[in-house]
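Heads up: the protein sequence lines correspond to chains A and B, in order.
The first sequence runs 526 to 780 under my numbering.
The second sequence runs 15 to 150 under my numbering.
Among the clues, some could well be false.
[As the list claims (entries may be wrong)] Quick list of the computed label-pair ranges, beta carbon to beta carbon: (1) K775(A) - V113(B): 38 to 48 angstroms; (2) L556(A) - G68(B): 19 to 29 angstroms; (3) L530(A) - V39(B): 43 to 53 angstroms; (4) A551(A) - I17(B): 40 to 50 angstroms; (5) R658(A) - G68(B): 21 to 31 angstroms; (6) L76(B) - R658(A): 45 to 55 angstroms; (7) G656(A) - L76(B): 45 to 55 angstroms; (8) L539(A) - V117(B): 38 to 48 angstroms.
[Said to hold, decoys possible] Which stretches of chain B does chain A cover? Using the computed rule of at least three CB atoms under 8 angstroms from a CB of chain A, they are: (9) 21 to 31; (10) 51 to 58; (11) 84 to 96; (12) 112 to 125.
Everything labelled a hint here was simulated from the structure, so no lab data went into it.
C-beta atoms are modelled at their ideal positions from N, C-alpha and C, and glycine is treated no differently.
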Amino acid sequence: MMKELQSLAAAQGLVVAFAVIGGVMALSYLLSKRLTFGRIHGSAIAILLGLVLAWIGGVVTGGSKGLADIPMLAGLGVLGGAMLRDFAIVATAFEVDPDKARRAGVLGVISIGLGTLIPFVVGGATAWALGYRDTVSVTTIGAGAITYIVGPVTGAALGASSAVMALSIATGVLKAILVMVGTPFAARAMGLDNPRSAMAYGGLMGTVSGVTGGLAATDPALVPYGALTATFHTGVGCLLGPSVLYLAVKALLGS
Amino acid sequence: MTIFGVALLAACTLLGAWLGDLLGVALHVKSNVGGVGIAMILLILARVWLQGRGALSHPMKLGVEFWASLYIPIVVAMASTQNVAGAVKGGPVVVTAAVGSVVLCWGAMALISRLGRPRIEAPDAEAAHVLAGDPD
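Please construct the entire structure, taking both the sequences and the accompanying hints into account.
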């Protein structure tokens with residue numbers, strides 16, 4: 526019976542992946558509601574859970590593809606692979622209204638610019654200081670500090686190692702969690718109480734789940750404003766990460 | 015038809031990836047340069063164009079938004095297939111980079127929010143809802 530199940534799972538890998546990830550998401554949203562009373566967004570818990578499962582998969586199989594190294598779960602490699610990942614990220618651009626975005630004007634541009642540069646420099650410098658000296662690794666970890674989407678997109682484009690990609694994603698996820706948990710407490714000091722500052726906040730912090738989660742806990746009415754610029758932020762990061770920022774790091778490190 | 019939306023998304027993704035490849039060649043970078051970002055810009059432009067002609071039907075939107083709403087689960091699947099076991103020893107990098115970024119950006123935010131205060135009208139909340147792929 527086990528044999529039939531295994532061959533079925535192997536033949537229908539992507540379908541298995543939909544079911545497994547659906548289960549992970551359901552568990553995460555349940556934990557979010559029951560354990561953290563909605564303070565930590567379900568999506569952040571789900572991603573963290575994914576990373577924990579990947580760690581378990583790596584320890585159990587000794588492979589480098591996390592849970593996808595378990596033959597019955599190989600479909601996760603398709604669902605989380607480059608093809609569908611890029612496809613879904615491009616789709617998010619559909620939610621951007623360029624007219625409303627344009628009205629955020631100079632402030633939006635400044636905040637997205639700063640929100641891309643500051644984390645990239647901090648992340649890259651940290652990586653360099655702690656022993657990652659090659660251009661691709663420094664760029665990928667720096668990009669991960671922008672958001673957990675920009676990190677892997679940049680890393681994939683530059684051909685970073687899977688271990689560096691995981692570091693990059695972990696950095697972005699930790700950032701998202703910090704933003705989600707910390708925003709309500711830091712909001713007053715940052716003057717985060719109106720649509721305009723929410724838009725600047727989305728551009729600065731970038732991470733869509735972090736910003737929407739953090740703003741939801743601060744004032745739900747601010748969520749769409751933050752989400753709007755945060756969406757742009759990821760696109761800008763994906764555009765600049767493997768290009769301008771990579772070339773800048775390359776010029777700086779001289780390799 | 016829903017497939018038109020999916021096909022539009024596919025066309026933008028492919029065109030963006032191709033232009034990104036060409037840009038990579040032009041810049042002498044051995045990689046795709048900003049393909050995803052270019053694809054996103056193409057999709058934004060396509061939406062504006064379709065809306066202007068009144069050709070953006072609900073099923074077509076559905077074809078794109080379905081994938082937009084799946085982006086968090088897909089990122090979860092991606093997370094579950096990363097080499098975390100190999101990255102665990104790099105712990106200090108993750109904590110330092112993340113905490114440093116967030117704290118510095120909060121500082122920048124405190125400065126920015128003190129620069130004048132023009133009002134902006136409310137954008138449509140549906141976008142955030144679709145993107146988060148939230149059940150509630």
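Consistency of the hints with the structure:
Against the hinted window of 38 to 48 angstroms, the Cβ-Cβ separation of K775(A) and V113(B) comes to about 27 angstroms, which falls outside the hint. Between L556(A) and G68(B) the C-beta distance comes to about 45 angstroms, which lies outside the given range of 19 to 29 angstroms. At about 47 angstroms, the CB distance of L530(A) to V39(B) agrees with the hint of 43 to 53 angstroms. Separated by about 29 angstroms at the C-beta atoms, A551(A) and I17(B) break the suggested range of 40 to 50 angstroms.
Checked against the hint of 21 to 31 angstroms, the C-beta distance between R658(A) and G68(B) comes to roughly 55 angstroms, which is inconsistent with it. Distance hint for L76(B) and R658(A): a CB-CB separation of about 47 angstroms, consistent with the stated range 45 to 55 angstroms. Distance hint check: the CB atoms of G656(A) and L76(B) are about 48 angstroms apart, consistent with the given range 45 to 55 angstroms. A beta carbon spacing of about 40 angstroms between L539(A) and V117(B) agrees with the range 38 to 48 angstroms that was offered as a hint.
Only residues whose C-beta sits within less than 8 angstroms of a C-beta in chain A count toward coverage, and the region 21 to 31 of chain B has 6 of them, enough to reach three; the restraint holds. A stretch counts as covered by a chain when three or more of its residues have a beta carbon under 8 angstroms from one of that chain; for the region 51 to 58 of chain B and chain A the count is 7, and the coverage holds. Look at the region 84 to 96 of chain B against chain A: 13 of its residues bring a Cβ nearer than 8 angstroms to a Cβ of that chain, three or more, so the hint holds. Residues of the region 112 to 125 of chain B with a Cβ under 8 angstroms from some Cβ of chain A number 11, which satisfies the need for three, so the listed coverage holds.
Hints 1, 2, 4 and 5 from the list above are not met by this structure, while the remaining hints are.
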